[in-house]
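Protein chains: 2
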Amino acid sequence: MDFNEHTATRAVQDSFRDTPDPRLRELLDALTRHLHAFVGEVRPSIREWEQAISFLTAVGQTCTDTRQEFVLLSDVLGVSMLVETLNEQQDGTESTVLGPFHMVESPRRELGDSIDLIGEAQPCLVTGRVLSGDGTPLPDAEVDVWQCNEKGFYDVQQPGVQPSGNGRGLFHTDPEGRFRFRTVLPSHYPIPTDGPIGRFLEATGRHPYRPAHIHFILRADGHAPLTTHVFVAGSPYLDSDAVFAVKQSLIVDFTESNDAETAARNGVQAPFRHAEFDLILSRELR
Amino acid sequence: MDFNEHTATRAVQDSFRDTPDPRLRELLDALTRHLHAFVGEVRPSIREWEQAISFLTAVGQTCTDTRQEFVLLSDVLGVSMLVETLNEQQDGTESTVLGPFHMVESPRRELGDSIDLIGEAQPCLVTGRVLSGDGTPLPDAEVDVWQCNEKGFYDVQQPGVQPSGNGRGLFHTDPEGRFRFRTVLPSHYPIPTDGPIGRFLEATGRHPYRPAHIHFILRADGHAPLTTHVFVAGSPYLDSDAVFAVKQSLIVDFTESNDAETAARNGVQAPFRHAEFDLILSRELR
Numbered sequence: 036m037d038f039n040e041h042t043a044t045r046a047v048q049d050s051f052r053d054t055p056d057p058r059l060r061e062l063l064d065a066l067t068r069h070l071h072a073f074v075g076e077v078r079p080s081i082r083e084w085e086q087a088i089s090f091l092t093a094v095g096q097t098c099t100d101t102r103q104e105f106v107l108l109s110d111v112l113g114v115s116m117l118v119e120t121l122n123e124q125q126d127g128t129e130s131t132v133l134g135p136f137h138m139v140e141s142p143r144r145e146l147g148d149s150i151d152l153i154g155e156a157q158p159c160l161v162t163g164r165v166l167s168g169d170g171t172p173l174p175d176a177e178v179d180v181w182q183c184n185e186k187g188f189y190d191v192q193q194p195g196v197q198p199s200g201n202g203r204g205l206f207h208t209d210p211e212g213r214f215r216f217r218t219v220l221p222s223h224y225p226i227p228t229d230g231p232i233g234r235f236l237e238a239t240g241r242h243p244y245r246p247a248h249i250h251f252i253l254r255a256d257g258h259a260p261l262t263t264h265v266f267v268a269g270s271p272y273l274d275s276d277a278v279f280a281v282k283q284s285l286i287v288d289f290t291e292s293n294d295a296e297t298a299a300r301n302g303v304q305a306p307f308r309h310a311e312f313d314l315i316l317s318r319e320l321r
Numbered sequence: 036m037d038f039n040e041h042t043a044t045r046a047v048q049d050s051f052r053d054t055p056d057p058r059l060r061e062l063l064d065a066l067t068r069h070l071h072a073f074v075g076e077v078r079p080s081i082r083e084w085e086q087a088i089s090f091l092t093a094v095g096q097t098c099t100d101t102r103q104e105f106v107l108l109s110d111v112l113g114v115s116m117l118v119e120t121l122n123e124q125q126d127g128t129e130s131t132v133l134g135p136f137h138m139v140e141s142p143r144r145e146l147g148d149s150i151d152l153i154g155e156a157q158p159c160l161v162t163g164r165v166l167s168g169d170g171t172p173l174p175d176a177e178v179d180v181w182q183c184n185e186k187g188f189y190d191v192q193q194p195g196v197q198p199s200g201n202g203r204g205l206f207h208t209d210p211e212g213r214f215r216f217r218t219v220l221p222s223h224y225p226i227p228t229d230g231p232i233g234r235f236l237e238a239t240g241r242h243p244y245r246p247a248h249i250h251f252i253l254r255a256d257g258h259a260p261l262t263t264h265v266f267v268a269g270s271p272y273l274d275s276d277a278v279f280a281v282k283q284s285l286i287v288d289f290t291e292s293n294d295a296e297t298a299a300r301n302g303v304q305a306p307f308r309h310a311e312f313d314l315i316l317s318r319e320l321r
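Protein sequences, first through last, are from chains A and B.
Per the working numbering, residue 36 is the first one in the first sequence, and the count goes up by one each step.
Per the working numbering, residue 36 is the first one in the second sequence, and the count goes up by one each step.
The hints are simulated quantities; they were obtained by calculation from the structure and are not laboratory data.
Some hints here could point you the wrong way.
It does not matter which identical chain is meant; a pair holds if it fits inside one copy or across any two.
Said to hold, decoys possible - Listed next, the in silico EDC-like pairs over lysine to aspartate or glutamate satisfying Cα-Cα at most 20 angstroms (straight line):
{"hint": "1", "residue 1": "Lys-282", "residue 2": "Glu-40"}
{"hint": "2", "residue 1": "Lys-282", "residue 2": "Asp-37"}
{"hint": "3", "residue 1": "Lys-282", "residue 2": "Asp-49"}
{"hint": "4", "residue 1": "Lys-282", "residue 2": "Asp-313"}
{"hint": "5", "residue 1": "Lys-282", "residue 2": "Asp-209"}
{"hint": "6", "residue 1": "Lys-282", "residue 2": "Glu-155"}
The task is simple: from the sequences and hints, build the whole structure.
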């Protein structure tokens, strides 16, 4: 039987019948079905398919050790967030996308350290606890944070301007499950627009901005890891994040404070910004 | 409303509502729907999605000026062939995939020239006509041909071994619509297996082979261009082409011949192989 519009999907699915890994076979069976259904529905011209291939090629070729354009593509199509949502634990802090900027290891720092290595902008204090689902504090939990600076750039985007590791830190909670670190208020920012995804957003009339946020990955013994953000209340673009990552429960007040005692205790100068929140991890089921 | 499994597809489709080009908007609307349906059905783990992103990144990064790994991916998923089939003209020679090896321009040659620049293998004569759908011969039609050598390699795969342009030629039919050129019998061959697509085929228990064929792109005034192959009858893998490109109507006998007069007239030594076939173009509808 010749390959044609009606036999195509079955022919390709059959080609995967000897895939040793049953999960891989399941994924490819479904991928073939959905991909062929898409193509069969929109009936791309030869030229359109060539353009699609060129676009995907350019996305891949834009990736480097410090830039992940395919994650960006997954992000702007809402797929990263969908995958994150499908894997969400039910009784903890809500998760959100990893994003493309966790490409370098965060430098290990002590509680209270500053992740801002420049010191020119208003200081910001971030404090809180890591808790288990039942409210028990989790000591020695790993708190991996990364954020852009007050102008909206991550260190890896400005290698000559920001020192490596600026805006990044790997902390461990104290015996009461507390974390605290100093930083600057992150800015809203555009995702990188100088590559294929920038051209894609331009062609679709979409803006490239993300509301201001700090990234977190949390790990604690016996608990599922959590990848999330804390968003800065009042930031522009909270209602139109280019990567669909905002959840209402993740928006936190970064209040302006003149509290001299807190400032002195944490080594910041008043006035400063202060965000205080707990992050809750789900027990691992296994 | 928060982004969740049920609101995700609509949220992403809404983000494309201001796309100026209506066809692009239609394509992205359908892409979002099918892509999210795939992800929602298979519910990939975070790790699985990271692996998918890494794979696509590697596919893009493998592409160079002389290698197109994303075309290969589209080929082995049967999508290239599906797109070709959906665009097929109804009253001409059947079309098949372009493939990843038409990356360099074919050198212009005169009718009767050899596209084999090495001359070590048994000669092969290819002759025929380019006709319109009603059987009218098409003079001055462009016949762009490319093929691998008798060992299964294209020139661009062996830059130090084969001269550039070996196995390639751009011909124009004579006043009776005839074409003729000399070559060697192409071999069946594996698609490139030293990259991500090779690993993909390995992981899925699929062989990488394509049956022996010569590629053609045909162009003539007033007619739709045709991209196709002529397959060598009796070649291995005619029933399991790694890229699903075989159609029964495209299989042609490359007969062994001792015809001294034909040999002398065409500048080959007997015994030689000879394939004779017509290629039929559809009138352009516009």
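Enumerated hints in conflict with the structure, sorted upward: Violated: hints 5 and 6.
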